[in-house]
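Colleague: Each chain, written out:
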Amino acid sequence: MTFADVLPGITVGDRVGPVALTVTRDLNEQYLFAMSDYDDLYVGGAGDGRRIVHPGVLLNASMSSLMHFSPGPGWTGLHSRDEVEWHEPAYVDEPLEVVFEVVSLFEKRGRPWWIRRATISGADSIKVIRTIHTAFVSNVS
Amino acid sequence: MTTHEVMAGDHLIGPGKQLSIGRLLAFSGGQFGLPGWPAVSTHTDVGAAAAAGLRAPIAAGTQVESYLAALLVSHFGLSWLQGGRLDVRFIKPAYEGDTIVAHAVVGAEAGEAGSSECEVWCENQDGERVATGTATVPRDGSGPAGAGTGTAG
Numbered sequence: 001m002t003f004a005d006v007l008p009g010i011t012v013g014d015r016v017g018p019v020a021l022t023v024t025r026d027l028n029e030q031y032l033f034a035m036s037d038y039d040d041l042y043v044g045g046a047g048d049g050r051r052i053v054h055p056g057v058l059l060n061a062s063m064s065s066l067m068h069f070s071p072g073p074g075w076t077g078l079h080s081r082d083e084v085e086w087h088e089p090a091y092v093d094e095p096l097e098v099v100f101e102v103v104s105l106f107e108k109r110g111r112p113w114w115i116r117r118a119t120i121s122g123a124d125s126i127k128v129i130r131t132i133h134t135a136f137v138s139n140v141s
Numbered sequence: 001m002t003t004h005e006v007m008a009g010d011h012l013i014g015p016g017k018q019l020s021i022g023r024l025l026a027f028s029g030g031q032f033g034l035p036g037w038p039a040v041s042t043h044t045d046v047g048a049a050a051a052a053g054l055r056a057p058i059a060a061g062t063q064v065e066s067y068l069a070a071l072l073v074s075h076f077g078l079s080w081l082q083g084g085r086l087d088v089r090f091i092k093p094a095y096e097g098d099t100i101v102a103h104a105v106v107g108a109e110a111g112e113a114g115s116s117e118c119e120v121w122c123e124n125q126d127g128e129r130v131a132t133g134t135a136t137v138p139r140d141g142s143g144p145a146g147a148g149t150g151t152a153g
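So the sequences go chain by chain: A and B. Here our numbering is used: position 118 in the first sequence is 118, and no number is missing along the way. Here our numbering is used: position 79 in the second sequence is 79, and no number is missing along the way.
Check each hint, because a few of them may be wrong.
Claimed, not checked - Sample of chain B residues at the chain A side, in silico, Cβ under 10 Å:
hint, residue
1, 26
2, 35
3, 103
4, 121
5, 125
6, 133
Hints were generated in silico from the structure; no laboratory data involved. Fair warning: this is a prediction, and the values are worked out from it, not measured in the lab. Where is the CB? At the ideal position from N, CA and C, for every residue including glycine.
Turn these sequences into a full structure, and let the hints guide you.
Modeller: In structure tokens form, the structure reads like this:
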């Protein structure tokens, strides 16, 4: 097993983005259903009436569920740790950008591990969140 | 959104959230209505989960983590989204059908000025922790890791 088998074509420093992301009202409401969470901030909006994007949308978007970096066939990634910094709320229908980067590839206890960083920014490049995902890769039998 | 003051030592407990297949699909299946929905993965598909050695689809780590973020938003409001930090380790799978409850125990103001560190975790219906970690909550509205105009704290 080598990293080339498990994470083909992926090397430290690989970067994708900025990828455009706009969380529409429909997409936000899909996550409100997924989370069973209808807090006023997401439904009625903040003080200025603008609806806040549910954190779940941003956490999922920051994961490469957008799958720019994926394990090779026969392998699956298992999420181990997440470090998240929240900087500013994101608003429904606000244009956002996501940048993904591969920070580290290493082996621990015989398993391949990788660390990816995602940064989501809003208008004027104001940072919304930054996440660091740590995962290991496991064989799918 | 809760607006009462949160004090050191408070144990915040979120509502139980059942991981129905519909909610797993809504979280991890991609956007409704787009071609290719739902994305097939261990989070959305029984066969993919079985192929990975799992007895049922599992929630994405980000879904479990989102319960923690939502709990903190519900108590700290916009303050949490303007400087909050979360460090979570995923220690057990959360399976389809499980009921997950998010917890946070608020620590005394410590470390960075104007912030409190909380112990956070999610547990399933059997009281088993599926994720555990820490949250740093801004309390003074003075900037990142202490930012915000929130309604609580």
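Colleague: Would you mind marking each hint as holding or not holding in the structure?
Modeller: Here's how the hints hold up against the structure:
| no. | hint | result |
| --- | --- | --- |
| 1 | 26 | holds, 4 Å |
| 2 | 35 | violated, 15 Å |
| 3 | 103 | violated, 16 Å |
| 4 | 121 | violated, 14 Å |
| 5 | 125 | violated, 15 Å |
| 6 | 133 | holds, 8 Å |
In summary, the structure is inconsistent with hints 2, 3, 4 and 5 from the numbered list given earlier, while agreeing with the others.
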